[in-house]
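Enquirer: Please construct the entire structure, taking both the sequences and the accompanying hints into account.
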Amino acid sequence: DGGITQSPKYLFRKEGQNVTLSCEQNLNHDAMYWYRQDPGQGLRLIYYSQIVNDFQKGDIAEGYSVSREKKESFPLTVTSAQKNPTAFYLCASSMWALTSNQPQHFGDGTRLSIL
Amino acid sequence: SQQGEEDPQALSIQEGENATMNCSYKTSINNLQWYRQNSGRGLVHLILIRSNEREKHSGRLRVTLDTSKKSSSLLITASRAADTASYFCATVSYTTSGTYKYIFGTGTRLKVLA
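Respectively, the protein sequence lines represent chains A and B. Residue numbers for the first sequence follow this note's numbering, beginning at 1 and rising by one. Residue numbers for the second sequence follow this note's numbering, beginning at 1001 and rising by one.
By construction, these hints were calculated from the structure, which means they are not laboratory data.
Short, incomplete list of chain B residues facing chain A, as computed with Cβ under 7 Å:
1) ASN1031
2) ARG1041
3) GLY1042
4) LEU1043
5) HIS1045
6) PHE1104
7) GLY1105
8) THR1106
9) GLY1107
For clarity, every value in this text was computed on a predicted model and none was experimentally measured. Note that beta-carbon positions come from the ideal geometry of N, C-alpha and C, so glycine has one too.
Expert: Okay, here's the thing in structure tokens:
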């Protein structure tokens, strides 16, 4: 079955540590996205990528970094510069970012907490 | 405040009743989408309505869009306990960089009591 796989499901970060969240899709989608969800809140866009080797900052990119070396993969690194990283992180993809009538497909998220 | 704001924030109904959720937004849009999120899971796309459409149906879902009032509503008819989830609207708008931006609202938590 095609879909988006996020790993790990739960992740703990120590002070001063960088951690990387994995996102892999086998939907052959061009566009991929990272969102942050805080309790009782909507989703806020961290980074997005329309094509391999290209990505753009979203609304809350500070303290995060991404790469897009392969179409299937869009890992997110939460750096030590992100002082409040505790949240639920969701990865999504859509067929093509340059047309509007595309639903986004989501993974099941990674819950990140500080030790 | 956010582009998409749902109301009510929380809704509790009996099985078999209808559930109505509303979404208001601020800027012009290309389309509006509704998503569902079960606890601890990712979002699942439910339905998309284009800016030139006024109403759309899919199974027990009915979505309306009023661009003059910048609002949309999602109606779930004959609700079931399995409909218990959070529901989010997402507006899709064209940006100056030539892409389309999705902005998600804060969600309505629906609880359907058996």
